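Just need the whole structure built from these sequences, with the hints factored in.
Listed in order, the protein sequences are those of chains L and F.
Residue numbers for the first sequence follow the numbering used here, so the first one is 2 and each next one is one higher.
Residue numbers for the second sequence follow the numbering used here, so the first one is 26 and each next one is one higher.
These are calculated hints, taken from the structure and not from any lab test.
Remember, predicted model here, so these are calculated numbers, not experimental data.
Under the rule of at most 25 Å between Cα atoms (straight-line distance), these lysine to any residue pairs were calculated in the SDA-like manner:
hint: 1; chain 1: L; residue 1: Lys26; chain 2: F; residue 2: Leu36
hint: 2; chain 1: F; residue 1: Lys89; chain 2: L; residue 2: Glu226
hint: 3; chain 1: L; residue 1: Lys235; chain 2: F; residue 2: Leu94
hint: 4; chain 1: F; residue 1: Lys190; chain 2: F; residue 2: Asp56
hint: 5; chain 1: L; residue 1: Lys233; chain 2: F; residue 2: Met91
hint: 6; chain 1: L; residue 1: Lys188; chain 2: F; residue 2: Ala37
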Amino acid sequence: MEKANLWYGDFHALKNIDMEIPENKITAFIGPSGCGKSTFLKCFNRMNDLVEGCRIEGRFYLGDVDIYGKTDVNELRRNVGMVFQKPNPFPMSVYDNIAYGPRTFGVHKRALLDEIVERSLRQAAMWDELKDRLTKSALGLSGGQQQRLCIARALAAQPKILLMDEPTSALDPISTGKIEDLCYELKNEVTIVIVTHNMQQATRISDKTGFFLLGELVEYGDTVEMFSDPKKEKTKNYITGRFG
Amino acid sequence: MSNRLAFEEELAELKVELVRMCRITEEMIDDSINALLKKDKGLAESVPPRDRKVDEFELDIERKCMRILLRRQPVADDFREVSTALKVITDIERIGDQASDIAEIVLSFGEEPYIKELVHLKKMGELSVKMVRSSVDSFIRGDEKLADEIISADDEMDALFVTVKDELIELIKKEASNADQAIAFMMIAKYLERIGDHAVNVCEWTKYFETGVHVKY
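As structure tokens, then:
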């Protein structure tokens, strides 16, 4: 990202953000509510395009491709998957939830879909748990299972990047642990960017952390370094709980 | 690999490094005492440079512990294990310093014969090596009984120190020219006695690791 700026109408929500997100690492965005971290995350798969009055300037590259240039948005979203705060499985079977994306992209052969469903559930460490419940409604799963299913659904498109917007804030500690384990394992295959309000979570799982405040990226660097020796006073005050 | 497994590997790595650090200090004590007994200056000279390696281990283990505290936010026995490792390395580092100090004293001796046979200093040297090794082993194995044995063995060390001190006082009283060597031996005895105290400290931390209570002996 180079000189990324975003406005919602007159409101300047992101201000001159330069950031390079490393491949196959976990990058966490932290900061108080309304600081722009989720807005910034949504720029990566052009989710903000859907927001009326939203204007974006700057360059957003995925590899060498400028994603706000002549890019097929569907193709972009295939490469950049997303998981939200609240688990949002579709009201259909486990199998159909996972197969939904591939079907949209034109995959209809049953054998291939079977393969994708199994691969995605295995990647999300859920295959053993769900292989006998593939035809059951996804809405019958627990909150934690639903969220991992949503991760599996995102993985079905074999994305290069997985965006996670507070994926564990609605979950209990055990389910949170499972999602964190999953992130840890997935980073070998996928670049993960996670927005979290939980600073302990950022220190536990991320390699790099960006601290946002009032639409600015205050500090960005190695997670251990940032949490042990923050360079900016504002970062120190936030992570030590002096404000926020 | 899950987060937990990765964490356990980090803890295991800490212990491996701690054992390696400890083994170097044991060899340093052993070699400095052998250099003393055999008047082997070459062996004595080889001891102080090894202290640098011990210091490097201390820094590295300390860095790893701090990283774990920050990233893993350990609780319960994990927390006690990392805290113990962090405390223990300070004692082991001091043991390395003291072994080095003994070697320096050996290097300061001239060619003249010793004023006495070094029977008790030899025993103190052997006991200190045993205490250091067992103290770290007690932590690695979580062996509270072994830690208690080493804490008790320190009484033997203290008794040996008093014996050496009394003998040396007598030698100085008898002949003032014995004083130079007597003071040097006295310092070596004091360093060995301190090494025993550091081993006891390590054992106290082992007991903390096992019980959650830190008691000074």
